[in-house]
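**Q** Chain order of the listed sequences is C and D.
If you count the first sequence from 1, position 175 lands on 175 in the working numbering, and the numbers rise without skipping.
Just so we're on the same page, the working numbering is the position in the second sequence counted from 1, plus 1000.
Please keep in mind that the hints were generated in silico from the structure rather than gathered at the bench.
A couple of the hints might just be wrong.
Think about it this way: if two alpha-carbon atoms lie no more than 25 Å apart in a straight line, the pair counts; the simulated DSS-like pairs of lysine-lysine are [stated by the list, open to error]: (1) C:K54 with C:K42; (2) C:K34 with D:K1161; (3) D:K1088 with C:K54.
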Amino acid sequence: MPNFSTNEFKPGLKVMLDNEPCSILENEYVKPGKGQAFNRVKLRNLRSGRVLEKTFKSGDSLEGADVLDIDLEYSYTDGEFWYFMDPNTFEQHSADKAAVADAEKWLKEQEKFEVTLFNGSPLTVTPPNFIELEITETDPGLKGDTAQGGSKPATLSTGAVVRVPLFLSEGEVIRVDTRSGEYVSRASKG
Amino acid sequence: MSEWEPSAGIYDLRARAAMLSEVRAFLSSRNVLEVDTPLLGQFAITDPNTELFEVATPDGARFLQSSPEYAMKRLLASGSGDIFQLGKVFRSGEHGGRHNPEFVMLEWYRVDWTHYQLMREVAELIAQTLRLSTWQIWSFEALLDHFCQINLHDATELELKVAAENAGIDVVGDLDKLDYLDLLMTHVVEPGIASWGLVFIVDFLEQQAALSRIIERGGNSVAARFEAYVHGVELANGYWEESDADVLVGRFEADNGLRASRGQPVREIDQRLISASRAGVPNCAGVAVGFDRLLMLVQGHSELAQVMPFSWPLA
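Only chain D is shown next, with the shape it has when bound in the complex:
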């Protein structure tokens, strides 16, 4: 392919334009307000598994945002009510068949909803765009038991290592328990549920909570978080949001501790998000949907580049 030509064909670009309108209409018709928060923020998220692009500006370093989450929560705290954002987000180093460092995310928040109500709405969006009318909910615990005969809560690092070896995965380097869970997820669970249509995975480990609440399930503390997969492709990640400022500070500090131990740069905590949380982010659930991945599935493609005007190598 010559270097100037787009990575997507004209039919896919038309479908892209139509779907941008379709998801806007889907949320607007439900009285969710569209917002467009800044892409260049003064703070970066602390998540040790997400790296951002840092941009030098005359007013100091800024970060291309990996998600509009923090800014949207400040709007929620200010009384915005239900809001959505459809726009570009950026993640440094994430490039592959189903990853592009610059991509479009559809993120929305529903006030006074739990993640279960939000899952239903995500299923409705997917039903409308992908013509998939059935869906199922699995706990991460049940899926791991089903595919790897591993108990999520009790499994030791050694048991997880053996499960990975039994699945034919040959890992170079050392992994901890969370790494092994991520490994089994990408190498065993994702291919395993590829023929299952729409699957919501819920009840992740407490340590996988990110910004979701911790709730009790069958005597275990789990994250009130869901991942939506269609044909084994991860499409969405949603939370029943944790809004307690002190809990959030504790998680950010733990992230930074891990960052420091791995030799990654420590991120300054976004005090504006913390202040907003102290002022009161309402009880809400939020979800982020990978727009390009959804479009990829709608168009029956297997690579993101096929639905993007110019993928990363051509940009």
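Just chain C, same shape as in the assembly:
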């Protein structure tokens, strides 16, 4: 990969820092009246998600990180790896537990997930912001109770547990915001 100098540190650029792939978030140039200039840089470690604040001497450089975001369809898991397929090339990628992390509870077959590849292997898996899933387990629905107030836990087909309104029953499909883990609505009838 090419090296990038501090003046090329634009938001979104992927670089290697301490052997970890990172994405540049912010880059501020500072210089005293006379003397050495610095760049105060905020980066996100793409593996851990942690945000780091580092200072570089202006003109210093970092190696670019071979990082690529692609949309892949989730296929299945064998318990050790989770398999994703590129719908265009049918190429299969296997993600380990660390890469799947919190996305595991949203993994629905044939659904598209944004997978960040680092040196060709999945580094992180990001679910779509909204996903439609079937309720597989919940207390019986209270027919006609569509008024506000009251909720109950419901287990979804992928294993995620979300709070849903009282009137919903097993077998119904709901729309969930994966960022907050909150129920949004009943799924639109297809």
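Put chain D on the given structure of chain C with help from the hints.
**A** Leaving out everything else, chain D in the frame of chain C:
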């Protein structure tokens, strides 16, 4: 924002025009002569921390000047008396919220003045434009002690490294003592004095002298140099000028040594400045004020682009 529109609004452009007139009047009324020296010079400064734009011309490479200093000193040596220049200067690679590679500098020289007399005049200009009537002078030593509990003169590289870490600064790469001082300046001192109004910082390390004289202060050799900060923004840099040709040659050669060791291009020494110094640059003090930064503060903005017709990305 669409690409053709200016980065500054019309009110800021009017304020810009008014302030260009105001600073000219300020100096002209004090019998300081306006000059406009060439922007494309045959020589570049040797400062390892300043890079210039090189321009190919039919008569060979020229450099867009980072400051009118050398040409103005040749005028001073010729007997010009007090002079000022208000115009564009250029610094390659210096781009950020408070930096633009092309900017306006107000630079002036006062014959037979020391930097202390010049600080007073800078304070008067700032009092007039920014309505700031009080100011204070701190030595760099006192400021470092105040904010970092570090002794400027005795501190080792390790102590400076620890001070930077204690301030929560996470540095990638190796720094030397001067780098650490610059780091503490930009990351700790500047934010620390942001609520102090106008602050002059004086008595920098000998190695930070640039073209200022070396004087004695409390048993230490320090640079007769000042930096003016308003609300933590660096506005001006002034010297009681070193005019000894041999001392200047020694500093330029040291700069070039550092340039060579860092893999930067070595700069040919401006022999016309050296000849002028041998002929006699008068005892004088000089200062360079970042005009756009001053205007930014006057207008209550936080970014230079807000007071420039077209900032670097739009130029």
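**Q** Against which earlier hints does the structure fall short, listed by number upward?
**A** 3
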